[in-house]
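J.: The hints should help you fit chain B onto chain A, whose structure is shown.
Chains as they are written, first to last, in this note's numbering: chain A, 1 to 114; chain B, 1 to 115.
Treat the hints with caution; some may be incorrect.
[Stated by the list, open to error] Pulled a few chain B residues facing chain A out of the computed Cβ check, cut under 8 Å:
#, residue
1, S1
2, G40
3, Q41
4, S42
5, L45
6, F100
7, T103
8, Q104
9, Y105
10, F106
11, G107
12, G109
Hints in this document: simulated from the structure, not taken from any laboratory. For every residue, glycine included, the Cβ atom is placed at its ideal position computed from N, Cα and C.
Listed below, chain by chain, are the residues.
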Amino acid sequence: AQSVAQPEDQVNVAEGNPLTVKCTYSVSGNPYLFWYVQYPNRGLQFLLKYITGDNLVKGSYGFEAEFNKSQTSFHLKKPSALVSDSALYFCAVRDGTGGFNTIFGAGTRLFVKA
Amino acid sequence: SAVISQKPSRDICQRGTSLTIQCQVDSQVTMMFWYRQQPGQSLTLIATANQGSEATYESGFVIDKFPISRPNLTFSTLTVSNMSPEDSSIYLCSGKREGFTDTQYFGPGTRLTVL
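For reference, chain A alone in the conformation it holds in the complex (with noise of 0.2 Å):
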């Protein structure tokens, strides 16, 4: 069966500073792996998504995510965090051996001090 895991609920950074939201997974076959945000009050917004090739993958807003399939993880990126990226984040996964059902993580919610 296919999971996704954000092992942190909270990440704290300084406005300026680089951030990173950890995702980790578990599939039967290959992984298909997606970002999304979501500000209060509002719909999930999608960032970015892993489903082949180049394993560094950009995004919008500037950030981007690292597929490492030897530690089958997926973390997501900024090099300088802005307060406006205070939100929560969802990792979730696909798994490609079939079914079009998207796991989601528990989400983690980014803080970024000014």
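T.: Okay, now just chain B, sitting in the frame of chain A:
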């Protein structure tokens, strides 16, 4: 990216009543889903809305409680029936194209409070 709209954006309802949430997607979308999200928590898939046929429900969700319609490709409704305070949640409509690797997009959500 696909455009997905929902209404109402929020509602406060009395116990025992029902609420129907509408979702409209643009023509890029072929698959539609309904999720529930407790505030600040993760998403739980309620069902996949199938065009012209009964929705496919996930474990723990039943048609009598959450009837879903999808009369055409771009429109779906979710009804929360006989509501109780435990149904207070955010309900999200989602859609994607047919391809397995295609991105899933979300509507803005409907925040439901049951008194």
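J.: Run every hint past the structure and note whether it holds.
T.: Verification of the supplied hints:
1. S1: B:S1 check passes; min Cβ-Cβ to chain A is 7 Å, inside 8 Å.
2. G40: holds, 7 Å
3. Q41: Because about 7 Å separates B:Q41 from the closest Cβ in chain A, which is inside the 8 Å limit, the hint holds.
4. S42: The hint holds - B:S42 has a Cβ within 8 Å of chain A, the shortest such distance being about 5 Å.
5. L45: holds, 6 Å
6. F100: Where the cut-off is 8 Å and the nearest Cβ of chain A is about 7 Å from B:F100, the hint holds.
7. T103: Holds. Min distance 5 Å.
8. Q104: holds, 6 Å
9. Y105: With a closest approach of 6 Å, the B:Y105 hint holds.
10. F106: Interface hint status for B:F106: holds (4 Å vs cutoff 8 Å).
11. G107: Nearest chain A Cβ about 5 Å off; hint holds.
12. G109: Result: holds, 5 Å to nearest chain A Cβ.
Taken one by one, the earlier hints all hold for this structure without exception.
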